[in-house]
Amino acid sequence: MRYLRLAAVYLRLGVFNELEYRGNLVVQVFQSLLGLGTALGGLAVVFSYTDNLGGWAPAELLGLLGVYFVVGGVINLVIQPSMQRLMEDVREGTLDFSLIKPADAQFLVSVRQFQLWRGVDLLIGLGLLGIALRDLGATLGPASALAFLVALAAGGVIVYSFWMMLSTLTFWVVRAENILVIFQSLYQAGRWPLSIYPSWLRYGLTFVVPVAFATSVPMEALSGRLSPAALAGAVVLAALLLWLCRRFWLRGLKHYSGASA
Amino acid sequence: MGLLGLYQAQFRTTAATHLQYRVESLIWLFGGIVEPTVYLVVWSTVAESSGGRLGTYTSGGFAAYFAVMMLVEHLTFSWIMHEYEYRVRMGRLSFVLLRPVHPIHADIVDNLTYKLMSLIFLLPVAAFLMWAFHAEFAPPLWAVLAFVPALALAFLLRFLMEWTLAMAAFWTTRVSALNQTYYVAVLFFSGQIAPLSLLPGPLADIASVLPFRWFVSFPVELVLGRLTPAETAAGYLAQAAWLAAALVLVRRVWRAGVKRYTAVGG
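Line by line, the protein sequences are chains A and B. Quick note on my numbering: the first sequence kicks off at 51 and runs consecutively. Quick note on my numbering: the second sequence kicks off at 4 and runs consecutively.
This is chain B alone, in the form it adopts within the complex (with noise of 0.2 Å):
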């Protein structure tokens, strides 16, 4: 049956899951429409105040930023470390140990099932903000093309990340600080509270070593056509790096999670 016969399998669970409960998974996309959108409506403001335009962004500039994030930070969000701590401390991390295959799979389609489905609710609401607030953007066709690879490349980097955070269960039970920790962070740091260059000097610069960046705004500003194929390129190898060393980090703290991690009962 091999990878591919694991994932259709798994894709068809969990999508019969969340088509019973569609109301809660609909509910659950609420908050990632509001905050964007408040986010929007406020830079839209200060540009409008400002002259009409803030640094390269116009508040049409900002409009598609901001509906545009929205659909990347949905794309690549997970939700693995709020979950993680409650699979160990009630032991069902046993059932998944059995199985011949790593858990990250399972999750993996997990999230890309839940996301497809979402989103047929998502892109008519990003496409209402967009118009309601009016969008200005005219990114090139290769931008449009290289947006799919980058987009790809952000999920894969968010999802391994967060998964290795999500073993800090492993060793405490009071996960919810340093999640919340980690939240705050992706939310300065990859772009989500305004557009990166308009952070203030030091934010920015530690935006700049941080990978969070490469998971959001990255592939928002580049579909949006402000990045030259040069900037393109080394994002690319930037994703690409951080990729590798989140691949090594997430087998090396499995090992020593797994050895750690105790089912009682079971």
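Okay, chain A solo, but in the shape it has when bound (with noise of 0.2 Å):
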């Protein structure tokens, strides 16, 4: 609760600071607007040939464009801006700030820095999902929604342990940042099922670098497609990898001497 209560402190710290750069909103709506006409561009051509994609049909598509939005949205509103601070104040001593505060230093760390404006993205997922899910309607029961749910949950979980962890590289590392570039790129791939990837790509975008977690198991779930096996398993990477990402983090810290100090 006392949590919930400082992500919502910082949060409201964000909206002050961009408040006072409006105009970027202007921007930013602009050019999330032009990733929505690319993405759906894209879609647009390919069914323009065929009326199922791999097994998918369109509105399946729409709807895993909305996860990939949603997710995407929610990495680029807080959990890029924070990381990309950890590393900057790792690098300069300035992390010292955060672990004198009487909470807990990863909490903190990870709901620090809101870009509020990138959440324009969370928006356009959350309309893109509506869309679909009225295409998708007359097969959606309430089991595969509770199922989108938590595979969704699991996916935010995973991806968050995921950049929390190369994030912490940075405690041995100097430059991690570049490390993150890569699942920024590979993150494109999400936007189409994981199902049309030949194996070892498949393999890749499961294990190594984890988008499909993000997009397509989610969505799988929804469309009733994902074996509730699968469900579980990806419930209990996300503990492994939340518990993997805790004790890093906290050799890490044990790495950490402050700057000034």
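One or more hints might be untrue.
Said to hold, decoys possible - A few chain B residues facing chain A, derived, Cβ under 7 Å:
(1) L32
(2) F33
(3) S52
(4) S53
Since the hints were made in silico from the structure, they are not lab data. Cβ coordinates follow ideal geometry from the N, Cα and C atoms, glycine included.
Reconstruct the complex from the two isolated chains, following the hints.
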């Protein structure tokens, strides 16, 4: 509860910060719409030649795009900026200020920086999901809706743990943010169903860089094609990665020595 | 020393910088590999599900198209539109203006150096993609030879165009919206999302009047043996015409832009 309130405080700070630069909202909305147009345009071109891609109908791919925008929106709204700030802080030694606060430091550094306007993608994603759901409506039961929410939460935890672990590397390696560029560019592969990729690529997108858990798996759950075992697997993996990420963070902290002290 | 000596000196400096940051240089290549690979997979899947062929492309034809497209896109792209705003805003342009040659020369060498060095890494990637996705193409020898000047013209045309657009930074600090619009247009209308012959009617019409196709789609289709000699000649002409227009434009805009440029401090 207390942590929720803390996150809300940081969110409000982010809001105040960005309200000073309202012009950026216009630019961000424009760029988000452009991103949306690109994605929809790509889908339109593909679906002018076929009515299913690897067994996925257009409405399902629209839903997948929705998940892609939602998760990408969350990453850009809070995860990416907070991790960026963490890496700068470690490099400059200013992480001290977070460590001395009377709350869990990992939590603090994870929600510290909100780029509010990047949340536009989140809204676009929810809109796309809404449209896709209306088209899929007839086939959607409460079980698959629940499975979707669980898979989405698991995917979110997996993506967060992945980013957090890579950012924690910064305690040992100075320029860890370059590794994150790899995630950012691989993420776009998540706009398409995992099943169309050849097996070596599917394996890489699932276990080396967990893009599949963020987009494909939740959408499979929603369209009822995800087996209960796979869903359980995603939840277990999420818990495991979160635990590993915690251990790794604590080890990293031991390694940290402030710059000024 | 002349322009050639200048190019050599700049080549050595840039090469040293990239060698210093080799991991970063490699990682930045990554996005340029992922995107064509994704579209390769998507289009091969579509081809296979519609009877093994789509227009003139088989799924192996798509593999060849996107693997070569990745190389051509890499060899012709520039990052100048990202960089210019920083140069103008931070007053970095002042140092460049002191030099007795036009700053575009240093940028060209910078770009070519990075391309040549990263090709060592990217050629095996393209070969791997062709092998993994069973690429099919059999270009005649003349097409391979004709590809070289087409690629050179493509590079110059794209570089001049992007250098011109980059100068928007002299007039506004919000160039990111302009840049992104440009990138999206290039994505659709240069043949990166799909071969241009597969774009739906209205999009194909737009693509045919814009210059973008001449710096990606044209060299790619040429080296894959998809063009007739007559189409190739027409392509050269179009490249030359756009290049001439770009040359005029880049000079005009540069003159106007430099007049507006004021550095703080320095």
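Results of checking the hints against the structure:
| no. | hint | verdict |
| --- | --- | --- |
| 1 | L32 | violated, 9 Å |
| 2 | F33 | holds, 5 Å |
| 3 | S52 | holds, 6 Å |
| 4 | S53 | holds, 6 Å |
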